[in-house]
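So the sequence lines, in the order shown, correspond to chains A and B. By the working numbering, the letter at position 77 of the first sequence is numbered 77, and the numbering carries on one by one without gaps. One rule links them: number in the working numbering = place in the second sequence (from 1) + 361.
Worth flagging that the hints you see were computed from the coordinates, not collected in a lab. Any given hint could turn out to be false.
Claimed, not checked - Pair ranges (Cβ atoms, derived): (1) A321(A) with W417(B): 48 to 54 Å; (2) L895(B) with L74(A): 35 to 41 Å; (3) V413(B) with T123(A): 21 to 27 Å; (4) L895(B) with P269(A): 55 to 61 Å.
What the hints assert, rightly or not - Some chain B residues well away from chain A (every beta-carbon gap over 12 Å; in silico): (5) R424; (6) L509; (7) S559; (8) Q572; (9) T631; (10) A633; (11) A636; (12) E660; (13) A670; (14) A687; (15) G690; (16) G818.
C-beta atoms are modelled at their ideal positions from N, C-alpha and C, and glycine is treated no differently.
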Amino acid sequence: MNTRSRVLAIALGLSLVAAACGSDADTGSSTDTSADTSTPSTDATEGTDAPAEMGTVTVYSGRGEDLVGPLMDLFEEETGIDTEVRYGDSAEMLLLIQEEGDNSPADVYYSQGAGFLGELAATGGLTPLPAEILDQVPAGLRSPGDDWVGLSGRARTAVYNTDELTEADLPDSILDFTDPQWAGRIGYAPTNASFQDHVTAIRALEGEDAARAWLEGLVANGAVPYENNTAILEAVAAGEVSVGLVNHYYLYRFLAEDPDFPVANKFFPNGDAGALVNIAGAGVLATTDQSEGAQALMAFLLSPIAQEYFAAETFEIPVVAGVEPDAELPSIDSLTLPEFDLNQLLDLQGTVDLLTEVGAL
Amino acid sequence: MTITTIDGHRPPRQGRAVTRGRVVRALGEGTFVRLLALTVGLSAALPLGYLVLRAWELGWTQRWEIITDPRTRAVLFDTLTLATAVTVTAVAISLPLAWLTTRTDLPGRRIWVVLTALPLAIPTYVGAFAMIGALGPRGIVQGWLEPLGVDRLPSIYGFGGAFVVLTLFTYPYVLLTVRAGYRRLDPSLEEASRTLGSGSFSTFVRVVVPQLRPSIAAGALLVALYVLSDFGAVSMLRYDTLTRALYVQYRGGLNRNTAAVLGLVLVVLTIAVLAAEQRFRGRESIHRLHGSGARSAMETQLGRWRWLALTGCTLLVLLALVVPMAVIGYWLWRGARVGEPLLPAWDLVANSLAASALGAGLTVVCAWPVAMLTVRSPGRFSRLIERLSWSGYALPGIVVALALVFFGAQRVPWAYQTMGMLVFAYMVLFLPQAIGAIRTSLLQITPSIEEASHLLGSGPIGTFRRIVLPLTRSGVIAGAALVFLTCMKELPATLLLAPTEFGTLATRVWTASNEAFLARAAAPALALVLLSSLPMIVLVLREADRREAQPTGSPRQVQTSNAGSATDDELTLTR
Numbered sequence: 001m002n003t004r005s006r007v008l009a010i011a012l013g014l015s016l017v018a019a020a021c022g023s024d025a026d027t028g029s030s031t032d033t034s035a036d037t038s039t040p041s042t043d044a045t046e047g048t049d050a051p052a053e054m055g056t057v058t059v060y061s062g063r064g065e066d067l068v069g070p071l072m073d074l075f076e077e078e079t080g081i082d083t084e085v086r087y088g089d090s091a092e093m094l095l096l097i098q099e100e101g102d103n104s105p106a107d108v109y110y111s112q113g114a115g116f117l118g119e120l121a122a123t124g125g126l127t128p129l130p131a132e133i134l135d136q137v138p139a140g141l142r143s144p145g146d147d148w149v150g151l152s153g154r155a156r157t158a159v160y161n162t163d164e165l166t167e168a169d170l171p172d173s174i175l176d177f178t179d180p181q182w183a184g185r186i187g188y189a190p191t192n193a194s195f196q197d198h199v200t201a202i203r204a205l206e207g208e209d210a211a212r213a214w215l216e217g218l219v220a221n222g223a224v225p226y227e228n229n230t231a232i233l234e235a236v237a238a239g240e241v242s243v244g245l246v247n248h249y250y251l252y253r254f255l256a257e258d259p260d261f262p263v264a265n266k267f268f269p270n271g272d273a274g275a276l277v278n279i280a281g282a283g284v285l286a287t288t289d290q291s292e293g294a295q296a297l298m299a300f301l302l303s304p305i306a307q308e309y310f311a312a313e314t315f316e317i318p319v320v321a322g323v324e325p326d327a328e329l330p331s332i333d334s335l336t337l338p339e340f341d342l343n344q345l346l347d348l349q350g351t352v353d354l355l356t357e358v359g360a361l
Numbered sequence: 362m363t364i365t366t367i368d369g370h371r372p373p374r375q376g377r378a379v380t381r382g383r384v385v386r387a388l389g390e391g392t393f394v395r396l397l398a399l400t401v402g403l404s405a406a407l408p409l410g411y412l413v414l415r416a417w418e419l420g421w422t423q424r425w426e427i428i429t430d431p432r433t434r435a436v437l438f439d440t441l442t443l444a445t446a447v448t449v450t451a452v453a454i455s456l457p458l459a460w461l462t463t464r465t466d467l468p469g470r471r472i473w474v475v476l477t478a479l480p481l482a483i484p485t486y487v488g489a490f491a492m493i494g495a496l497g498p499r500g501i502v503q504g505w506l507e508p509l510g511v512d513r514l515p516s517i518y519g520f521g522g523a524f525v526v527l528t529l530f531t532y533p534y535v536l537l538t539v540r541a542g543y544r545r546l547d548p549s550l551e552e553a554s555r556t557l558g559s560g561s562f563s564t565f566v567r568v569v570v571p572q573l574r575p576s577i578a579a580g581a582l583l584v585a586l587y588v589l590s591d592f593g594a595v596s597m598l599r600y601d602t603l604t605r606a607l608y609v610q611y612r613g614g615l616n617r618n619t620a621a622v623l624g625l626v627l628v629v630l631t632i633a634v635l636a637a638e639q640r641f642r643g644r645e646s647i648h649r650l651h652g653s654g655a656r657s658a659m660e661t662q663l664g665r666w667r668w669l670a671l672t673g674c675t676l677l678v679l680l681a682l683v684v685p686m687a688v689i690g691y692w693l694w695r696g697a698r699v700g701e702p703l704l705p706a707w708d709l710v711a712n713s714l715a716a717s718a719l720g721a722g723l724t725v726v727c728a729w730p731v732a733m734l735t736v737r738s739p740g741r742f743s744r745l746i747e748r749l750s751w752s753g754y755a756l757p758g759i760v761v762a763l764a765l766v767f768f769g770a771q772r773v774p775w776a777y778q779t780m781g782m783l784v785f786a787y788m789v790l791f792l793p794q795a796i797g798a799i800r801t802s803l804l805q806i807t808p809s810i811e812e813a814s815h816l817l818g819s820g821p822i823g824t825f826r827r828i829v830l831p832l833t834r835s836g837v838i839a840g841a842a843l844v845f846l847t848c849m850k851e852l853p854a855t856l857l858l859a860p861t862e863f864g865t866l867a868t869r870v871w872t873a874s875n876e877a878f879l880a881r882a883a884a885p886a887l888a889l890v891l892l893s894s895l896p897m898i899v900l901v902l903r904e905a906d907r908r909e910a911q912p913t914g915s916p917r918q919v920q921t922s923n924a925g926s927a928t929d930d931e932l933t934l935t936r
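Given only the sequences and the hints, what does the whole structure look like? Please build it.
Now the structure itself:
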């Protein structure tokens with residue numbers, strides 16, 4: 001019985017310590033924050049006993065491991081810079097950075113959409129990037145404050161069930177889905193960041209009133225809300241709905257698993273509000289202590305090898321001139337809205353309010 | 362009758378005692394337990410503090426606007442409706458099921474005992490996905506019905522789907538507590554009722570159910586609060602609850618302050634649910650009847666009714682277990698065709714097991730003082746601590762995770778995003794599950810045994826080690842198994858608080874399915890369900906075996922039952 005008691009005593013002791021940490025946090029005054037912040041930075045300078053000059057670059061990625069994991073591995077291999085990636089939801093990773101404040105271990109924030117990057121930039125969370133990184137990306141696909149860049153493009157499309165419809169059956173403008181013939185046949189994802197970015201774009205392009213009218217029309221038309229793009233694709237394939245508003249690349253993953261997947265993409269013609277190209281992009285955090293490694297990662301993600309990876313593996317559209325997209329996909333020039341740039345995607349809160357008002361959320 | 366008074370007869374030896382018990386003696390055991398429980402309670406209340414802090418950043422008018430917004434009221438109503446419906450149905454399923462699997466000659470009872478408990482191992486986000494695939498308007502079942510002219514099934518989305526999925530994957534909480542409650546019933550009361558001329562139904566309603574009330578209440582509370590904080594099922598099935606509204610604020614608007622106000626509304630709702638449970642539970646019968654309970658009850662012969670019973674059990678297991686497993690199997694098959702591995706990466710398995718085991722360990726250890734306090738010194742203080750301990754369980758995982766991110770990164774950066782932090786988060790999230798289990802075991806120990814130990818010269822630590830711990834082993838094991846299973850499924854806190862690059866099976870299922878790589882999600886999903894089932898299976902089987910091995914009311918059994926009954930490895934989750 002002696003060992004048991006010892007285990008118990010140790011366990012109780014541990015719980016005390018753990019609990020004490022908790023209550024410390026509860027009662028500690030805000031002044032120790034400044035003292036605490038010095039700890040990680042001294043750690044970082046002491047950490048140089050390793051042969052490599054640079055420390056570890058920590059990435060908070062809103063993009064999944066299946067999409068960008070191989071690229072991150074390749075970066076480590078090519079540059080010898082240690083990289084650690086935390087994968088999660090773009091919004092949650094942003095919340096994480098905001099709650100961590102000055103003590104954030106993250107060096108790079110990699111987001112699914114421009115809206116979240118804009119949000120982080122607006123609160124001073126990002127640090128400006130050097131010209132050699134910025135200059136590679138078309139002006140409309142990077143931050144006006146020069147603190148984030150798009151790394152790959154994703155077009156908004158309508159997917160449709162090929163057993164029911166042909167491309168000719170679909171309207172040429174996304175705004176025409178309010179027509180009664182689509183009643184109950186459209187799937188969309190009102191809580192999804194890509195859709196919300198799209199609504200923000202439509203507000204900027206067509207005006208608040210037109211955007212509101214469109215959304216009200218969709219809701220009145222019985223548009224079916226889904227949790228995310230994947231769920232929409234599944235629903236369109238199953239025939240729950242005939243058409244879905246999604247990002248273009250999800251379809252190709254389904255086709256890779258099942259070539260007979262009965263769904264196709266409709267790209268809207270240039271100039272229509274439906275033809276938005278959003279980006280997945282990244283920025284370096286203002287609180288980073290690894291800016292050199294972080295910038296090396298950014299440069300790598302814009303290099304031909306990474307851009308070709310996006311085209312071939314994730315079915316996205318390369319943002320760097322000279323790298324061709326997958327044969328099935330339109331190039332970025334044929335999709336980008338001429339007078340529109342992603343910096344107008346900042347008013348996320350306005351979009352959420354609008355979606356709430358029309359009853360979509 | 363508390364230990365403090367006992368301890369008072371033995372003035373603490375000061376100075377020379379260099380034993381482990383010194384601190385305990387110096388403080389007096391009561392104070393020591395109180396201090397520990399307070400620390401645990403405060404830790405569990407961290408998310409509450411965080412919500413208040415974030416909500417405080419808004420002005421009074423803004424806060425008031427959010428609270429009085431008709432939409433908030435509508436969501437509040439919808440949340441209550443769902444929680445009530447799921448809880449009531451879970452009880453309605455569990456009461457007969459517990460009876461069938463403990464008191465009747467149901468064919469294959471041992472198998473049913475296991476199968477009916479297992480849906481708990483299926484995460485709701487996997488379960489919801491499977492249900493949509495099977496029961497969606499154009500799902501698998503519709504395909505079967507197509508020849509009969511069924512073009513599409515009624516929509517699974519909205520209240521119906523959320524209700525079905527949450528009920529199917531949470532009812533075992535009630536089933537387990539009620540089954541344990543049945544085992545503790547004294548069959549002689551039922552027999553007396555029958556002898557006095559009551560029919561079996563009226564005996565059930567008038568004698569059995571009232572005695573089972575604490576067990577029902579305990580399980581129902583776990584279910585109700587689970588529903589309040591679930592995000593996986595309600596988001597996929599598109600039913601608006603407070604938790605979903607809160608996530609929409611976090612995810613879309615990035616509005617931490619509005620989300621915090623909604624979180625506080627959820628806290629108020631939780632307090633109401635806890636109060637309702639307290640009322641329903643009624644007065645707790647403390648300490649088991651000496652001896653008589655050790656007798657096995659008579660088995661009811663089902664006769665022709667067994668076919669009905671079997672059909673019911675089969676239907677339930679089909680929906681809650683076979684359907685989700687079949688859908689996972691279908692993903693796996695789809696993946697195998699394109700060359701995805703059939704086994705998950707071993708580091709994910711190891712990470713999941715390690716984090717969940719440590720989580721279960723810490724949770725049980727932290728649950729001890731709280732359980733001890735609520736049993737031995739009931740009162741206002743112990744009620745406060747108990748309520749605080751529920752706050753993590755009743756809040757959505759994302760709130761608990763963000764709260765610990767905030768406190769962790771700002772105040773204890775050296776511990777932030779370490780394994781310790783993750784395990785601590787699990788403790789905050791699942792504490793009540795362990796408290797309930799340990800508490801029930803403690804209730805069954807007559808304080809006189811401990812008093813005897815004290816009088817015979819044992820100190821508080823010695824008594825704890827030699828008497829209390831062995832007698833509550835079953836509760837500790839049951840609590841640990843339940844917390845382990847829940848940790849395995851946990852997602853939001855693991856995503857935010859685990860060490861960077863520390864993947865678990867649950868996070869792998871999430872990242873893969875979120876990006877439409879369903880085939881890659883299959884292997885980890887299957888491993889997740891199987892591994893979290895294992896401790897459950899072992900435990901449930903041990904319970905069933907123990908029951909069957911019990912001799913019927915031999916005098917020797919009567920003598921030892923006071924201690925022996927409590928060491929039975931039963932799933933005692935009753936609070």
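query: Does the no-contact call for G818(B) survive, Cβ to all of chain A over 12 Å?
result: holds, 16 Å
- prompt: Are all C-beta atoms of chain A more than 12 Å from that of A670(B)?
  reply: holds, 35 Å
G690(B) and chain A, when compared Cβ to Cβ, separated by more than 12 Å: holds, 15 Å
- prompt: Taking the CB of L895(B) and the CB of P269(A), does the distance hold inside 55 to 61 Å?
  reply: Given about 56 Å between the Cβ atoms, the range holds.
- prompt: Does the claim that S559(B) lies outside the interface with chain A hold up, using a Cβ gap greater than 12 Å?
  reply: holds, 47 Å
- prompt: Does the no-contact call for Q572(B) survive, Cβ to all of chain A over 12 Å?
  reply: holds, 33 Å
- prompt: For the pair V413(B) and T123(A), does the Cβ-Cβ distance stay inside 21 to 27 Å?
  reply: Taking Cβ atoms as reference, V413(B) and T123(A) lie about 22 Å apart, which means the hint holds.
- prompt: Is the Cβ of T631(B) more than 12 Å away from each Cβ in chain A?
  reply: holds, 20 Å
message: The output says A687(B) does not contact chain A. Does that hold with a beta carbon cutoff of 12 Å?
response: holds, 16 Å
task: Determine whether the Cβ-Cβ distance between A321(A) and W417(B) falls within the hinted range of 48 to 54 Å.
output: Holds, at about 50 Å.
message: The output says L509(B) does not contact chain A. Does that hold with a beta carbon cutoff of 12 Å?
response: Holds, because the least Cβ-Cβ distance between L509(B) and chain A comes to about 17 Å, which exceeds 12 Å.
- prompt: Going by Cβ atoms, does A633(B) stay more than 12 Å from chain A at every point?
  reply: Given that every Cβ of chain A is farther than 12 Å from that of A633(B), nearest at about 25 Å, it holds.
Hint compliance for this structure: no hint is broken.
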